[in-house]
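Novice: Both chains are given apart, each in its own frame, so use the hints to dock them into the complex.
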Amino acid sequence: MAGLLQTERQSARPKAYLTRRYRLSASHRLHTDAYSAEQNRAVYGKCNNPHGHGHNYGIEVTLGGSVNAQTGMVCDLGELDVFARTHLLGRFDGMNLNTLDEFREVVPTTENFTREVYRVFQGFSGAKVVRIRIEETGNNSFEVGEEPGRG
Amino acid sequence: MILLTRKAEFSSAHYYWNEAWTEEENRRVFGRCANKNGHGHNYTLEVTVAGEVDPVSGFVVDLKELKEILQREVVSVYDHRHLNLEVPEFAAGTGTIPTTENIAIAIWRRLEGKIPGAKLHRVRVYERDDLFAEYYGER
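These protein sequence lines map, in sequence, to chains A and B. The first sequence runs 1 to 151 under our numbering. The second sequence runs 1001 to 1139 under our numbering.
In short, the hints are calculated from the structure, not lab data. Predicted model only: the values in this text are computed from it and were never measured. Since no wrong hints were added, every one of them can be taken at face value.
Below, computed lysine to aspartate or glutamate pairings styled on EDC-like, alpha-carbon distance capped at 20 Å: (1) A:Lys128 <-> B:Glu1138; (2) A:Lys15 <-> B:Glu1112; (3) A:Lys128 <-> A:Glu143; (4) B:Lys1036 <-> B:Glu1019; (5) A:Lys46 <-> A:Asp33; (6) A:Lys15 <-> B:Glu1046; (7) A:Lys15 <-> B:Glu1138; (8) A:Lys128 <-> B:Asp1130; (9) B:Lys1119 <-> A:Glu147; (10) A:Lys15 <-> B:Glu1089; (11) A:Lys15 <-> B:Glu1127.
Simulated restraints on C-beta separations: (12) A:Arg13 <-> B:Glu1025: 19 to 25 Å; (13) A:Arg23 <-> B:Thr1005: 21 to 27 Å; (14) A:Asp76 <-> B:Met1001: 32 to 38 Å; (15) A:Arg21 <-> B:Glu1138: 20 to 26 Å; (16) B:Asp1129 <-> A:Asp76: 18 to 24 Å.
For each residue, glycine too, the CB sits at the ideal point set by N, CA and C.
Okay, chain B solo, but in the shape it has when bound (with noise of 0.2 Å):
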């Protein structure tokens, strides 16, 4: 078995706010991060799949089919874009706070089953170059 990842990069607007708390809860936990107006950071994605190599082709996966489906399922739908108000996973009312960890989840269920050929085998998400999230699929 052999491990490939390819890597692609989103510019993404966000900030974190617990709907269930009170405003002076959230800035106690969520700090600098809790303002309204939001931040942004250059994420970084690495989406790690495993496979066997195809006698044939030599290849794990297709990379330009891979790059297409990264672009497709996740950069097309969160780059440039505020993730609290313009990605569905995050919206208001589905409790999901756009934090690294959770981001790096909900890459994954975009993800899952749509690498032909390669089971998804980790997102890794960095915020910045000093921070990162992984997602092995486990519950």
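In isolation and in its complexed conformation, chain A is listed as follows (with noise of 0.2 Å):
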């Protein structure tokens, strides 16, 4: 038995996936300037609200990669927390989306959203963040990345 594992642990080098969950309360007024007042209240609906409203967003991370042989892991979770304090907690948490650089020309739907968390998160390097996963609300996700096990 004890062989079987010194041989299987040398030649493999499995690929697995991470997933870190975080959490984050934000608010958004869904609007264009592309469209009317009336066409905005038409397509965005009560979430056209000119005062905004705001959700608590759970956010995924999923990392892929090989796990390393010395740690048995994929990545160090320590350096992805401190990561996302800063450049998603940091830049996210408590902010009104709408008053924020990245979304001057972009409607902050959680589409959008959802596709600037996976720009940010390509910025990590202890890992290639492969997915990133959003609960608006427990009704609505949104997904922007690979699905995992097609690599």
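Specialist: Here is the structure:
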């Protein structure tokens, strides 16, 4: 048994995925200057309320890569948490998304928010971020990136 | 093809320790997880299998049978055990640290080929509700 495990350990570099979930709260208003006031109301409905509204977003960051033979890990979780504290929570938590530069040109729908968070995490050097999934509410979620297991 | 997922839970103790490293290195890399007295989690296992629906039974697999397989192959071995001390794939000398990633891989190896009529698609292991690892059999 020990001999078999020994051989497997030396030859196999299995690829696994690790997902960390963060929570942040932010407000937004769905509105575009490309539409008339009436069109905005028609397309975005109650999300067009000029005063905005907010969500507790659940953000799942999925990293993919070979499991390091020394640590048994795809990524140092502490490093990911430090990155997320600065670049995810530090940037978006407690904010009004419409006021941020990232959403000056694009509507802060959760589709666009998910794309932005995916872009932000491409700057993480500890492991490859393959997917971002954001739950806007318990009923809506959005994903950007690859489907794990297809790589 | 249909994907079907069955959940199971186990509660286990573990710690992270690389025998090739000094105590100082272990503490630096693994932090509190290197405490040799161990700590524990309520793990949630989600096993997803892929297969065709049997035209007569309407099943991909018999869920009761899948439940029994998970119980026999995984839960009975891991639940209320110390993974480093009592589970052979993580024992001293294997060099395999019972991280969430390695637990997912080990469970895949325990289940592969043991589920009649369906293909193992994914093993997902939640260490906590904000952290999980997945393995799809990729090398």
